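Peer 1: Keeping their order, the protein sequence lines are chains X and D. Sequential numbering of the first sequence, starting at 304, is according to my numbering. Sequential numbering of the second sequence, starting at 110, is according to my numbering.
Keep in mind that the hints were calculated from the coordinates and are not lab data. Any given hint could turn out to be false.
[Stated by the list, open to error] Simulated pairs of lysine-lysine, DSS-like, Cα-Cα distance not exceeding 30 Å: (1) X:K347 <-> D:K122; (2) D:K132 <-> X:K347; (3) D:K122 <-> X:K358; (4) X:K347 <-> X:K410; (5) X:K358 <-> D:K128.
[What the hints assert, rightly or not] Computed beta-carbon distance windows for the label pairs: (6) X:H344 <-> D:A118: 33 to 41 Å; (7) D:P123 <-> X:N336: 38 to 46 Å; (8) D:D163 <-> X:S330: 36 to 44 Å; (9) X:G398 <-> D:D182: 37 to 45 Å.
[To be verified] A short list of chain X residues far from chain D (calculated; beta carbon distances all over 10 Å): (10) S324; (11) S339; (12) G407.
All values reported here derive from a predicted model rather than from experimental measurement. We put the beta carbon where it would ideally sit given N, CA and C, even for glycine.
Next come the chains, spelled out residue by residue.
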Amino acid sequence: QSALTQPPSASGSFGQSVTISCTGTGSDVGGYNYVSWYQQHPGKAPKLMIYEVTKRPSGVPDRFSGSKSGNTASLTVSGLQADDEADYYCSSYAGSKIYVVFGGGTKLTVL
Amino acid sequence: QVQLVQSGAEVMKPGASVKVSCKASGFTFTGYYVHWVRQAPGQGLEWMGWINPDRGDTHVAQNFQGWVTMTSDTPLSAAFMELSGRGSGDTAFYYCALSFDSSGRFDHWGQGTQVTVAS
């Protein structure tokens, strides 16, 4: 069982927006502004999409945005495109001992 | 650009060990952390630990202590993860990933190495 809770699936129509949640505790998501989001296409390695809750690495479209409220972080994908269909994982720093925990992943389907 | 290239797929018997390599290019292989992440078939991601090639120290997650060893070879710009296959539950893709700080994010990923444990 993953430390962070994500919905197993999410969907949205082409061009619309979808938000994926990631719920943890005060020891991880709520305790640090170090939430990351990764996109993983089938058979491929994960790719960093969001870090430090809201920041985007160079090259990631601004259609991807992150936020956090309390112990729940969220990833919003706007203007859905076919290539956005993938698995999305959240992660959070959880202190120097545990270091990082992941969510179980959300399969995003673009309708 | 930053690139991490991992060694090829492995098949191992329970009780045997395998060493997966991760060769970096496109940046200076010091001052960073190399992490290892496991993904069992159809499952999510699980952080295994990190090594700092510059200092040589490691931090292995509790679930992997005692059966995973992380090392590095700075002149070769490579990191290694040796694991003892306890059973079929260790069959998974093993990824190396690079971070530029200790905030828990993984900036770049290797392509993954499939390890199959079977008798």
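Peer 1: Can you name, in rising order, the numbers of the hints this structure does not satisfy?
Peer 2: Numbers 3, 5, 6, 8, 9, 11, 12 - these are the hints that the structure violates, sorted from lowest upward.
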